[in-house]
Structure formats: C-alpha cells, structure tokens
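Asks: Since the structure of chain Z is already known, use the hints to place chain A on it.
Protein chains: 2
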Amino acid sequence: MRKLRRGDRMVMIAHRLFQEPHKIFTFGAFSEALSAARSTISEDVAALRQVCDQFDFGRIETLPGASGGVRYMPFLPPARIQALTEDLARRLRDSARILPGGFLYTTDLLSLPALVSRLGDVFATFFRDRRPDVVLSMEVKGIPLALMTARAFNVPLVTIRRGGRVTEGPSVTVNYVSGSSRTVQAMTLPLRAVAQGARALFIDDFLRGGGTARGVGDLMRECGAGLVGIGVLIETAQPRDKLVDQYVSLLVFDGIDEAEGVVRLSPSRWAREQIRETSAEER
Amino acid sequence: MRKLRRGDRMVMIAHRLFQEPHKIFTFGAFSEALSAARSTISEDVAALRQVCDQFDFGRIETLPGASGGVRYMPFLPPARIQALTEDLARRLRDSARILPGGFLYTTDLLSLPALVSRLGDVFATFFRDRRPDVVLSMEVKGIPLALMTARAFNVPLVTIRRGGRVTEGPSVTVNYVSGSSRTVQAMTLPLRAVAQGARALFIDDFLRGGGTARGVGDLMRECGAGLVGIGVLIETAQPRDKLVDQYVSLLVFDGIDEAEGVVRLSPSRWAREQIRETSAEER
Chain Z
4 MRKLRRGDRM VMIAHRLFQE PHKIFTFGAF SEALSAARST ISEDVAALRQ
54 VCDQFDFGRI ETLPGASGGV RYMPFLPPAR IQALTEDLAR RLRDSARILP
104 GGFLYTTDLL SLPALVSRLG DVFATFFRDR RPDVVLSMEV KGIPLALMTA
154 RAFNVPLVTI RRGGRVTEGP SVTVNYVSGS SRTVQAMTLP LRAVAQGARA
204 LFIDDFLRGG GTARGVGDLM RECGAGLVGI GVLIETAQPR DKLVDQYVSL
254 LVFDGIDEAE GVVRLSPSRW AREQIRETSA EER
Chain A
4 MRKLRRGDRM VMIAHRLFQE PHKIFTFGAF SEALSAARST ISEDVAALRQ
54 VCDQFDFGRI ETLPGASGGV RYMPFLPPAR IQALTEDLAR RLRDSARILP
104 GGFLYTTDLL SLPALVSRLG DVFATFFRDR RPDVVLSMEV KGIPLALMTA
154 RAFNVPLVTI RRGGRVTEGP SVTVNYVSGS SRTVQAMTLP LRAVAQGARA
204 LFIDDFLRGG GTARGVGDLM RECGAGLVGI GVLIETAQPR DKLVDQYVSL
254 LVFDGIDEAE GVVRLSPSRW AREQIRETSA EER
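Residue numbers (this note's numbering), protein chains in the order written: chain Z, 4 to 286; chain A, 4 to 286.
Don't read these hints as lab results, they were simulated from the structure. Backbone N, C-alpha and C fix where the C-beta goes; we use that ideal spot for every residue, glycine too. A couple of the hints might just be wrong.
[As the list claims (entries may be wrong)] Calculated Cβ distances over 10 Å to all of chain Z for the following chain A residues:
1. I146
2. M151
3. A189
4. G212
[Said to hold, decoys possible] For the chain Z half of the interface with chain A, some residues (derived, Cβ under 10 Å), not all of them:
5. R5
6. A50
7. L51
8. Q57
9. L102
10. R133
11. R134
12. V137
13. I146
14. L150
15. A155
16. V158
17. T162
18. P173
19. V177
20. P193
[What the hints assert, rightly or not] DEER-style ranges, computed between Cβ atoms:
21. Z/P80 / A/L66: 28 to 36 Å
22. A/A32 / Z/K6: 25 to 33 Å
23. Z/D56 / A/R62: 23 to 31 Å
24. Z/G200 / A/Q199: 48 to 56 Å
25. Z/D56 / A/E225: 45 to 53 Å
26. Z/V265 / A/E35: 33 to 41 Å
27. A/D56 / Z/V180: 53 to 61 Å
28. A/G227 / Z/R267: 45 to 53 Å
29. A/S38 / Z/E89: 22 to 30 Å
30. Z/R94 / A/G227: 37 to 45 Å
31. A/S174 / Z/G258: 17 to 25 Å
32. Z/R94 / A/E64: 28 to 36 Å
33. Z/R94 / A/F106: 38 to 46 Å
Next up, chain Z with everything else stripped away, as it sits in the complex:
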C-alpha cells in the first residue's frame, strides 16, 4: 500500500460515511483500515467535518467514549431547500405538463435519481428527530422518493401494495376510504416486513384527501408499529380538510386552468415555515 496522505484518508473516510448515513463507524476501524494512529484519524475527521459544513454536504458527528465513533447525517440547510423547492415549483408549472382531465405530469421529475436523491435528503433533514427505522412507500409512483429517503436514513424501504394481492407469505390488509374518490380500497403488507414497535416514516409523492395516509396509519397499528411522520412532495389545496393532520408537504398544487395553460403550484406554507425555523436553529 502506498503511503496515504491526509487527503487520501479524508476521501476514504468520506466515502464510507456517505455510503451508510447514520451508521456509527469507530475510529479504531478507520485507524486499522488506513494504518494510521487514532489521533491522526481524529484530525482527518475534524477536517472532514469542516469541509462538509462549508459546502453543505451534511453533518459529521463524533461520539465520545468507548463505544464512540463518527457518523454522517444528510442535512440540507434552509437556503438549499428553498432553492430546490422553488426550482422544482418552477419546473412543475410548465404548461407542457398539463394532462387531460386537469392532471399534472410529474413522473419524469420523480424519476431523476440525482434530483430524487436530493429530495430524500430534504425529508431526512425535516424528519431527523423522528429516528425512523423503516420508510414506507405506496406503490408505484412514490417508490423512488421513499427509497431515497430510506437511503438518507440508511433504513429499509417497505412498499405497501394496493389491493389484497398476497405473494409474499402471510400479510396484513386494511381497508381505507380514498379521500378523493370516496371508494373503499384495500392495502396490504407482508406480515414480516414491519417489526413490532417499529418507527415508520411514510413518504409519498402526492396527498389529496389523505385517505391513503390514514390507511397507512391504521396498517401500522395492526402491525404494532408506530407512524412517526408523513411526508409528501405535493399536496392539493382542495379539499382543505384532510383525513390526516400530521403531515408535511413541500409543494401545494391548486389546480390547473386548462384554457389559459396555467398550473397553480407553489412551495407549501409548511415548507416556508420549516425553512425559517431551521434557519433560526442554525444561528
């Protein structure tokens, strides 16, 4: 092995930490892998923390004591979230996205890995105090966003299936009333997918009436697990009264004027407030 310098060690440590956010790596492990003294590794990590702070790459935290070590947590500062949210709103207001029936075409943006990965970091920033140990998604469109949020927390993704299809062993099914269509539907989860007492975070692309999110809450209760947060990319302005109240959205969609080719969509009040609060906390 060629002689490693500080920069080499910093890149190696950064790569390991970025690949597995929230996982605690001991100084000893890096010391061994890099054939360097613990005090040297400690200096490397201090330098890495500074550069991550400076370029908004997230937070590097060191934990003291015998079981101590270092971990990385994705974190986007308010200004970055604001820029990302506003940019996304602008792109979604493009009149070329208007579909017949007043729908909005969003699939392409929800399919760009680099963008969705950033959005996962946004949810990881918002829900950082909830310490989920599983992220839930509802098939199909919400999966990329939920997977990237799961990645930012380094926890498993669990996908809830619509209908009562059972192909993965014993399962739990609950019925729910779709908030928008007022019809009764079913959602199913393999029984072994979510452990008793798990802390589950539900991430989806769209929230209209909130019936799905409420059903997910019921499903978690049946599994003996807790729903610790609901995050959606876009909520609709109507209906104003949702079937869930504890949720956060990044954007609000207030319909389309098909004749004028106008899409009414903007950052949510919640997102704007959150950005302000995080700013205050940072000071």
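Replies: The following block gives chain A in isolation, referenced to the frame of chain Z:
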C-alpha cells in the same frame, strides 16, 4: 472562506463527482468554486483517482482538450462482485425465506438501500459499454434495483406499468405472453417517457420465462427506442429455454425442497464468467 487544503478540495471534488456519475465536470468549474489554479485542481484529481483505485470506489477519468474535464464512473472490481454475489446467495439460501408454494422471500433484501445501491453499481459495471440513456423497470419489486442502477448511470428511471391503466397522458401498450403462466397480459408506458432513438437498459429482480423482458423489447420497438441490455438479479433454472437470450443474471434459483428446507440458489455461470473476464481485462 477559510483557506482550503488539498484534502478539503479532494473531498469537495469527490462529493460532486459521486453525486452525479458519468457527468463531465470541467476543471475550470472546480477551479472557480475552490479558488484554486487549474494546475492545482489537476493535481487534486490525480490524487483522487489514486485513492479511488486503491479502495475500489470506482473510476475517475480525465478527458483532455477544450471540452475536457473529469468524470466518475462506478466500477466494482471482480473480487468485490464475487464477494457480494456469494454473500447474497448465502443470505437467500436461508430456509426461513421459504414461502408456501415454493416461493422465495426476497423483498427485504431488495429494500435495503445500501445493498441495492451496491447492486446498482454491479449492473453499472457490467453494462458500462452499453451507454444507456434510460433505465427501465417493471412495477413493483424491481423498482429499487432499477432506480439504483439509473443512479449509477445518472440517467432517468422509467417504470413500465402492468395492465393498461393510463393516468399519465397518451401511452403505448403492448400485449405479452407471460412465460411462466402462458397468459396474455398488457404493459403500458407513457408515450413521453422514452424518447425516439433512446438506448434503454431493462433491470428487474426476477426472470422466469422471459416473457416480460421480451414484452419490454416489443414496447421499446413501438417507442422507436432500442433495448441495449437486460439485467436481472435472479433467474430461474427452469424453464431452460427463455423467451429472450440476451440477458444477464447474477444468481440462479433452482427451486426449493420444502420437506428438507433447502433453497437451491447460487451465483450464475454468467456472473462467474464475467468476473473472470473483467479480471483478465484488469491485468
């Protein structure tokens, strides 16, 4: 801005490159962002390339000339792929995974972001010469694997829907014969999701008869696009004759002995050969 050292610049450059694989970043852009001479950036990149080679983080390539720059490509060397494939096979052979009816429970492993991200790098390594500009997935279980492959190539993910549901504007639908059940089914894609002339890579979790993969090929033809590769995590040993011949798999599943609690599953011959070939190329 505090004075940046080599290690700081290396971490900053690495982070940008890792976030957007395959994208070419100019030396000029880094020179400006880091207030450093181009010759300095050039040395930083050279050092970064060495450390990426040494720790198997992937390949850093510099492109000369006026439009030149630097890009990062995920690449896992054969030994890593072998270790990953064998470890996965061992975990999947766990008799606790046997489901009634001779099925195998794989969902949990396909839901671990860090693992699936590594598997995406494996497919990106195998298909690195195909230069896909879109990765296709079939709902639902294959989505995480396909998304992480799309991420490794930094190209959009496009999810094909089963059935003829149309919720995203004009769409293309083809019928296909499911290789295992011999029934006729339909698959649908929004018309605007795949551009004329696109190079599409199809990634899925499971291949039995190959009917789905063949249908995806038909669908691409209807879109005026080309299918440049098919990669699956697991193929079944039976039937031996598949409806497609140009595909690669990492693992072969040869059924379950329910009475004995034995899962017959091992790395595919293709994967073993590929590992050997890549080894030879590396020498």
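Asks: Taking the closest Cβ pair, is Z/V177 under 10 Å from chain A?
Replies: violated, 18 Å
Asks: Let me know if the C-beta of Z/Q57 comes in closer than 10 Å to any C-beta of chain A, holds or violated.
Replies: holds, 7 Å
Asks: Is A/M151 truly not at the interface, in the sense that its beta carbon sits beyond 10 Å from all beta carbons of chain Z?
Replies: Not fine: 8 Å to the nearest Cβ puts A/M151 too close to chain Z.
Asks: Confirm or reject: A/G212 is not an interface residue toward chain Z, with every Cβ-Cβ distance exceeding 10 Å.
Replies: holds, 17 Å
Asks: Given a cut of 10 Å on the nearest C-beta pair, is the interface hint for Z/L102 held or broken against chain A?
Replies: holds, 5 Å
Asks: Could you say whether the range 37 to 45 Å given as a hint is met by the Cβ separation of Z/R94 and A/G227?
Replies: Because 26 Å falls outside the window, the suggested range is violated.
Asks: Beyond 10 Å from every chain Z Cβ: check whether that's true for A/A189.
Replies: Per Cβ check, A/A189 is outside 10 Å of chain Z; nearest 15 Å; holds.
Asks: Is the claim that A/I146 lies outside the interface with chain Z correct, judged by CB distances over 10 Å?
Replies: Answer for A/I146: violated, closest chain Z Cβ roughly 5 Å.
Asks: Against chain A, is Z/R133 within 10 Å by beta-carbon distance?
Replies: The hint is violated - Z/R133 has no Cβ within 10 Å of chain A, the shortest such distance being about 17 Å.
Asks: Taking 10 Å as the limit, does the beta-carbon of Z/L150 come near enough to a beta-carbon in chain A?
Replies: holds, 5 Å
Asks: Regarding the hint that Z/V137 lies at the interface with chain A, is the smallest CB-CB distance below 10 Å?
Replies: It holds, given that the least Cβ distance between Z/V137 and chain A is near 9 Å, below 10 Å.
Asks: Tell me if the beta carbons of Z/D56 and A/E225 are separated by a distance inside 45 to 53 Å.
Replies: Once the Cβ atoms are compared, 51 Å apart, the range 45 to 53 Å for A/E225 and Z/D56 holds.
The structure fails to meet hints 1, 2, 10, 11, 19, 28 and 30 from the earlier list, while all remaining hints are met.
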